[in-house]
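Participant: With full-length UniProt numbering applied, the sequence shown covers 1 to 177.
If you're looking for bench data, these hints aren't it; they were derived computationally from the structure. Some hints could be false.
[Stated by the list, open to error] Here are the in silico distance ranges between beta carbons for each label pair:
1. A121 to P152: 41 to 51 Å
2. K81 to T143: 17 to 27 Å
3. T42 to G156: 17 to 27 Å
4. P154 to T130: 22 to 32 Å
5. H68 to G157: 16 to 26 Å
6. V16 to D141: 23 to 33 Å
7. Q53 to Y26: 20 to 30 Å
Note that this is a predicted model, so its numbers are computed, not measured. All C-beta atoms, glycine included, are put in the ideal place defined by N, C-alpha and C.
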Amino acid sequence: MSTTTALAGTFNADPVHSSFGFAVKYQNVSNFRGTLGEVAATLADGKLEGTAQVESISIQTPEQFRAHVLSADFFDVENFKTVTFVSSDLDLADDGTAKVTGDLTIRGVTNTVTATGTWTAPSADAFGNTRAHLQLETVIDRTAYGLNWNMPLPAGGNALADDVTLTVDIALVEQAA
1 MSTTTALAGT FNADPVHSSF GFAVKYQNVS NFRGTLGEVA ATLADGKLEG TAQVESISIQ
61 TPEQFRAHVL SADFFDVENF KTVTFVSSDL DLADDGTAKV TGDLTIRGVT NTVTATGTWT
121 APSADAFGNT RAHLQLETVI DRTAYGLNWN MPLPAGGNAL ADDVTLTVDI ALVEQAA
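Construct the entire structure; sequences and hints are all you get.
Facilitator: Spelled out as structure tokens, the structure:
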């Protein structure tokens, strides 16, 4: 049973407590991770819409890696400032599971994706606000978005996998009526 109506009203992302992260297999042995820290999202009328600012990328590696990820080889921040998502279907089940389908746009390329995860029903916080929470994950093929850079490894394979795991963690605060 869907309980999207349990989130009646408009909820906005709390930018301090929300994030958009990615992980991709690197050199065939470990994960390369990054986070886009500036996340804006609204959940209203059973629809989730959000953006993440590419320039806000945080990578726990040397600055030259961050610069490379922002370059035209990857996100091409000079021409594409945001990653966006607009849902077409949102299912928040009574058991706390969540499934969201919608259009994800990266580098001006839009594809339909489905993310699954969990949600927490609205409740009052210590400051008198009503809060809810969504945590979602999906796997995309980065090459479907024009993120094509790679290098061959001496033993075969490539430096970067095509599959990228995206994670979204959104703390939602109900907007005052």
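Participant: Would you list, in rising numerical order, the hints stated earlier that this structure does not obey?
Facilitator: Those not satisfied are hints 3, 4.
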